[in-house]
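When you get a sec, could you build the whole thing from the sequences and use the hints?
Residue-level listing of the chains:
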Amino acid sequence: MTTAKKNALFSLFASVQLALLLLFLLASTAIIGTIIPQNNPAAFYVERYGFKTARFFQLLDIQDMYNSWWFLGLLTLFAVNLIVCSAERIPQVIRLVRRNNLTVTPEQLAKFPLRSERHHSGNLAAVAAQAALVLKRHGWRAQAIPTESGQMYGAEKGKWSRFGVYLVHCSILVILAGTLLGSSAVAQKIFRDPLYAFKGSIMLPEEEATDHVLASKGGERLDLGFTLRCDDFAIEYYGNGMPKTYRSKVTVLEHGAPVQSAEIEVNRPLTYKGITFYQSNYQPLQDYQVVLKKQDKSAETTARIPVATQIDWLEGGISYGIINLERQGEVTRRLKIWFTDNQGEPSVFWVHVGQEAAIERPSGTYLLTIQQRYATGLQAAKDPGVWLVYSGCLLMLAGLYIAFFLSHRKVYVFIQPQATGCHLLFAGDANKNRVGFEKYFIKLINKLENKG
Amino acid sequence: MDSSQLFGIAMIAYLLAAAFYLGLFLFKTERIGLIGTLLTLAGICAQTAAIGLRWHESYQMGIGHVPLTNMYESLVFFSWCTACFYLALEYRFKTRVMGVFVMACVTAAMAYASFSDRIDSKISPLIPALQSDWLIAHVVTCFIGYAAFAVAGALGLLYLIRQAAGNRPERSGPSLADTLPSLRVIDDLTHKTIVFGFIWLSAGIVTGAVWANEAWGTYWSWDPKETWSIITWFLYAMTLHARFTRGWQGQRIAWLAMLGFVAVFFTYFGVNFLLSGLHSYGSV
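Protein chains in written order, with this note's numbering: chain A, 1 to 452; chain B, 1001 to 1284.
It should be emphasised that the hints constitute simulated quantities derived from the structure, not laboratory data. Do not rely on the hints blindly, as some may be mistaken.
Pairs of lysine to any residue, SDA-like flavour, derived with a Cα cap of 20 Å [what the hints assert, rightly or not]:
#, chain 1, residue 1, chain 2, residue 2
1, A, K249, A, A234
2, A, K244, B, P1128
3, A, K294, A, L368
4, A, K432, B, R1184
5, B, K1225, A, Y66
6, A, K136, A, H408
7, A, K244, B, K1192
8, B, K1225, A, I35
9, B, K1225, A, I36
10, B, K1122, A, M242
11, A, K432, B, P1128
12, B, K1192, A, I35
13, A, K294, A, R361
14, A, K244, B, S1132
15, B, K1225, B, L1130
Far from chain A, some chain B residues (derived; all Cβ distances over 12 Å) [what the hints assert, rightly or not]:
#, residue
16, L1034
17, Q1131
18, N1213
19, G1217
Which residues of chain A face chain B? A few of them, derived with a C-beta cut under 10 Å, are [what the hints assert, rightly or not]:
#, residue
20, T34
21, Q38
22, Q63
23, N67
24, W69
Even for Gly, the Cβ is constructed at its ideal location relative to N, Cα and C.
So this is what it looks like as structure tokens:
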């Protein structure tokens, strides 16, 4: 590649025009994925948009557009643009910050946009000393600037604020780096370790344990390196029937021995060995947990029973079964029980899930509690890049504050002896928010004048 | 007195304020404008009390939570933020005349919240997904941003009106242009408001990402609400770059401020009503 071509390419990537174009393209193409449903099976798109359009979608990865080659390509170009653009400008800013910005001649001072001239009756030495003192008191580190006549002081503040905008640019790169580090695709294809970063899920029935989860994309098995057991899943409701809490009680086991028990709720995940488990959904199971005992406590049994099957409790001489049920959504609310001790007519009655029912029989009183069984749906995620993303976010907020609210400000006072007293020239400049600086500048001048 | 009556009073105060600001716009009498300001202040006071009362009422119902959890409450909070932001701007920059646009927008939001069939004003308990400390941080940061962008959009409109009025041939009597602040002032104010909104929108996206990671294990999932918020962010980032590096000013920025508000509006409303996604609790 020739130098000229190289330079042309470099200046293209260093240009703000490209940044504007890329921002526009990112913003406008991102709309597509909010209108066309994402990550559905191929048949969905054929049915909804027709065969030809679906083919076209497949070509452009529209069904998963935020991970498509062209969208990631745009993001890559955006990152390169940010790097090149900052790499070109940061050295200029470093030079600007390091050089002495205060060197100025009285002629240049007279051309400052913000300036004010006054007369003072004191003598040069006294006025100069006072001016230096007042500047110092207001946080300005005044430097004496050599001039041929009189005395000149200059001071500057906030020159580092010129880096604010690059801090924001840098923060975007940090965030992008964090997303790469935490990406399951990168873990698989570059680190060749699918367990380095992943998103997965598992549907875990109560009282069962798992040593793996299934990857969200692709569904392959991901070994946790430990075992997670679901001890219990429960839903609590508000008075109006809205769900209040979804709660899984889980135990972590290492080599079969329990090491940690925890409750996982929505917004209250469990992290163990870098893997975080989130409550995401649940599934009612087809069988029910039954606790049946005689009131005199002479006998007790527990069982898991399916619907419409006669269960015989031989020890108690009882036969029972579920003959009907009432659901709200997928969750069972009431069950109709058939119950007999083979003496007289069988009892048939409705019982609410989780409530104890007392059954009077010729052979005695029996207590029956029946519970819905669930499988809890847990998301599992391991994201080693998340700390980078969060640091990038903090960096961005700090950078935005610095870039927009802090400015590089300079003030000068030039004192010249006159026949009586001295002539004062105040001048100032700020690279941002000149209106705000002007107000401050006027206040400062009044202080200088009154004291000086 | 309950919170809904107080919200009604606030809405009437805002409506009257909009009318008086319109009076200022048409008749150019400062005293009319002052009444507009006082009415806005009264509206904000009533609404603040109403929000506090609604908060209290939710505790009395035994389902206490911050009133920022459904479309009704978010619209109310949006209009409160916008009114507060506007009043602060009026105080700081001593310019009343855009009040008519802002207060019309505030009144419209309140009226829509109160009268639309699609919006339920009942206090309902907090679903598990919203039971988080991040709720307040996320909603408040986003809505300060939205409020600023609403005001920036109004300023953009004002700029275009002022420009059109200024271009009209001289007629007898004072023209509209005389009462409006100069184009330079409006332009500067628009820019500052966008900058302010941009920082809060960024903070809103960040708090949303952190919360999503806490609740679902993924800080970014390209759900429509997230995507539209980043589209809005890109749009304002473009506006700021166009101004800083290409020297865009005046009319172009005014149009971008209004386009930006359209994106904000879609992020806020359009996504909830037209698209489906994780943010569905905002839709009722």
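Quick check: which numbered hints come out false for this structure? As far as the earlier hints go, 7, 11, 12, 17, 18, 19, 22 and 24 are violated by this structure, in ascending order.
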